[in-house]
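S.K.: Sequence:
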Amino acid sequence: MGKEQFKEFVATKPELASYVNDGTMTWQKFYELYDLYGESNEVWNKYLNKGNRKLSDFMEKFDPDSLQKNIESFEKAIDVFKELTNKAADNIENNIKPDVKRPLTKFFGD
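When we follow the numbering used here, the leftmost residue of the sequence shown carries the number 24, and every step to the right adds one.
Calculated directly from the structure, the hints in this document are not laboratory data.
The following label-pair restraints were derived from C-beta to C-beta distances:
#, residue 1, residue 2, range
1, 91, 124, 48 to 54 Å
2, 96, 28, 51 to 57 Å
3, 131, 111, 21 to 27 Å
4, 47, 109, 49 to 55 Å
5, 35, 80, 22 to 28 Å
6, 87, 34, 37 to 43 Å
7, 99, 40, 40 to 46 Å
8, 40, 94, 34 to 40 Å
9, 63, 43, 19 to 25 Å
10, 35, 97, 43 to 49 Å
Result set (BS3-like, lysine-lysine): computed pairs, CA atoms no more than 30 Å apart in a straight line:
#, residue 1, residue 2
11, 99, 84
12, 105, 92
13, 69, 30
14, 26, 69
15, 84, 36
16, 110, 99
17, 69, 36
18, 69, 84
19, 110, 92
20, 36, 52
21, 52, 69
22, 84, 52
23, 36, 26
24, 52, 26
25, 110, 124
Think of the CB as a built atom: it goes at the ideal place given N, C-alpha and C, for glycine as much as any other residue.
Kindly generate the complete structure, drawing on both the sequences and the hints.
M.R.: Right under this line is the structure:
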């Protein structure tokens, strides 16, 4: 198992680069696995199932308490928005106008 064969193997498995990029593995460790087990061993299944890895990473980072807090703050924002729109609708319905009518040509201190 030579270095050139390993390079060809890695070229067909680009998923391995993500493990090197995030610091989980090194190319040296991958080469040692390749040298010991070859291409067709089940040891590679752990690294080649990237979709499963993304899901497991998401589940590890998932914080239900944080999600609950975000939902509560979103609900509060919706309630405030409802109050503002209800007040605006009431003002429109009651047709509230200013008490003093000013001519359009008159400004603040004129």
